[in-house]
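Protein chains: 4
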Amino acid sequence: MAETPMTLEKLQQLITREPFNRWINFTILKMDADGIEVKTAWREEWVANPDRRHTHGGILAAIIDVAADYAIAAQLGRPVPTIDIHVNYHKAAMPGDLIAKAKVVRMGGQFSTAEAYVYDSESALVASGRGTYFTMPPKRVNGKW
Amino acid sequence: MAETPMTLEKLQQLITREPFNRWINFTILKMDADGIEVKTAWREEWVANPDRRHTHGGILAAIIDVAADYAIAAQLGRPVPTIDIHVNYHKAAMPGDLIAKAKVVRMGGQFSTAEAYVYDSESALVASGRGTYFTMPPKRVNGKW
Amino acid sequence: MAETPMTLEKLQQLITREPFNRWINFTILKMDADGIEVKTAWREEWVANPDRRHTHGGILAAIIDVAADYAIAAQLGRPVPTIDIHVNYHKAAMPGDLIAKAKVVRMGGQFSTAEAYVYDSESALVASGRGTYFTMPPKRVNGKW
Amino acid sequence: MAETPMTLEKLQQLITREPFNRWINFTILKMDADGIEVKTAWREEWVANPDRRHTHGGILAAIIDVAADYAIAAQLGRPVPTIDIHVNYHKAAMPGDLIAKAKVVRMGGQFSTAEAYVYDSESALVASGRGTYFTMPPKRVNGKW
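Chains as they are written, first to last, in this note's numbering: chain A, 1 to 145; chain B, 1 to 145; chain C, 1 to 145; chain D, 1 to 145.
It is possible that part of the hints are untrue.
Copies of the same chain are indistinguishable here, so a pair counts whether it falls within one copy or spans any two.
Claimed, not checked - Computed list of lysine-lysine pairs in BS3-like fashion (alpha-carbon distance at most 30 angstroms, straight line):
1. Lys10 with Lys91
2. Lys10 with Lys101
3. Lys10 with Lys30
Simulated from the structure, these hints should not be mistaken for laboratory data.
Just so we're clear, the structure is a prediction, and the values are computed from it rather than from any experiment.
Please take these sequences and the hints and turn them into a complete structure.
Okay, structure coming up:
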């Protein structure tokens with residue numbers, strides 16, 4: 001567990017520290033015992049089909065991975081390596097802000113699972129999924145993963 | 001199936017037509033009976049941890065989704081909606097070109113599975129995964145997915 | 001949607017109709033707007049390692065698939081074909097009854113997602129996961145899936 | 001790695017040692033540098049829908065998990081704990097022997113990925129998938145997974 005309690009400000013600093021996360025433009029809206037809630041600002045580069053203009057699934061997968069990872073970071077004090085992710089696409093996500101709600105499913109000493117749900121600006125569920133994360137303390141990591 | 005046989009040039013046009021794919025910068029290197037091979041050009045925005053500088057897993061998930069989808073497009077004549085993806089991360093992908101090899105696992109009349117393997121510039125496997133795609137002919141789609 | 005409202009008794013009949021489900025020995029404990037809750041009775045054939053005696057992951061995967069499928073059946077009036085499943089293992093499930101809680105994540109006209117959590121007799125989460133199901137009305141299925 | 005080289009006979013002993021595997025009735029047909037090939041003998045308890053009589057997806061998931069796990073065991077000398085599995089269903093598997101071909105996707109010091117393809121008696125692909133396994137040496141496992 002984190003040596004000092006995590007705050008929303010510190011979690012925002014950790015998430016913004018990563019160049020990719022800055023490009024996705026994550027704002028942490030909430031952090032409590034149930035998990036975290038983040039917002040993303042849409043970018044023109046996210047468009048998949050140029051006629052239909054929906055958001056590419058790769059972006060939604062990235063949002064789910066980051067939201068789930070930082071739900072763990074909120075408890076552990078640091079983001080953790082992703083082992084794998086599984087993402088379901090439910091509905092085309094049209095241009096606009098997206099909200100992701102994420103929570104820890106099970107925290108383990110070696111690997112952990114967290115899940116995230118992504119909603120569009122009309123609160124419709126557009127994608128959801130889960131990630132498995134490597135949560136062994138860093139000192140015991142031998143650098144081989 | 002496609003009315004006219006797919007060519008590498010036509011597949012490249014289809015992939016480049018999508019703004020997100022242009023941002024990822026996909027070049028199709030090969031297209032044959034075994035599947036397709038694509039190359040991506042690295043971007044500074046892909047960096048996850050700024051110290052370690054490895055590529056964010058969301059980008060690798062996107063590459064796997066696109067490569068697997070276009071392995072289906074090579075047979076079907078068009079890219080198809082993604083139902084879900086599963087991605088395993090094997091090794092940190094350091095800055096540089098990446099190569100993805102993708103093939104159809106099973107083509108079905110309603111949904112299909114394709115898989116992709118992503119290699120770094122030293123041919124090490126960095127990520128792999130599979131996607132499930134909605135391959136029913138478009139005329140039978142009622143717009144609700 | 002189902003022509004007549006689903007009852008717990010009818011759902012139990014549907015689940016018990018399948019030989020595999022009878023072998024797993026499912027009892028539906030609850031069915032409401034939040035989803036369903038099922039119980040399974042442990043069998044000696046479920047043992048993985050004979051020294052450690054924990055339940056094999058294949059059985060937990062089967063329980064998750066069936067629970068998620070029947071959470072959809074509770075709304076749709078019939079069990080549906082599974083497109084794919086993803087299962088995370090959290091903790092060894094020792095011999096004893098297991099409880100699975102399942103709910104629909106998103107119901108769609110063509111495919112749908114449902115998730116399930118499996119708990120041991122001490123209410124510890126032992127496995128969780130999600131399935132993608134083919135929910136197009138049967139008359140439009142051409143038998144090829 | 002295994003102290004003594006793995007043989008097909010030793011791998012068969014390891015697989016048959018587990019009660020669940022005996023119930024599934026696995027016979028290892030082949031073990032070489034490409035992976036392993038196993039056969040299963042069908043059981044009446046595997047029937048899902050009693051009219052259609054196809055094999056339940058939970059059984060196919062179990063076969064994929066065991067085949068992928070033992071493709072790792074063939075290299076590592078022992079079966080390993082499953083972290084998660086992802087399974088795609090391609091076609092109804094009718095009563096009869098099934099063949100699973102499995103190989104290691106990537107062997108790691110902490111976690112590893114293996115995949116498996118399941119074929120029916122007419123060599124049609126009925127299901128495929130992949131598992132993530134905990135492959136850290138047992139002495140470093142603290143019993144908490």
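Hints, one by one, checked against the model:
Taking identical chains as interchangeable, the C-alpha atoms of Lys10 and Lys91 lie at most 30 angstroms apart only when they sit on different chains, with a minimum of 28 angstroms there against 33 angstroms within one chain. In this assembly of identical chains, the alpha carbons of Lys10 and Lys101 lie at most 30 angstroms apart only when taken from the same copy (18 angstroms versus 35 angstroms across copies). When the C-alpha separation of Lys10 and Lys30 is checked against a cutoff of 30 angstroms, the pair qualifies only within one copy, where the shortest distance is 12 angstroms, while the shortest distance between copies is 42 angstroms.
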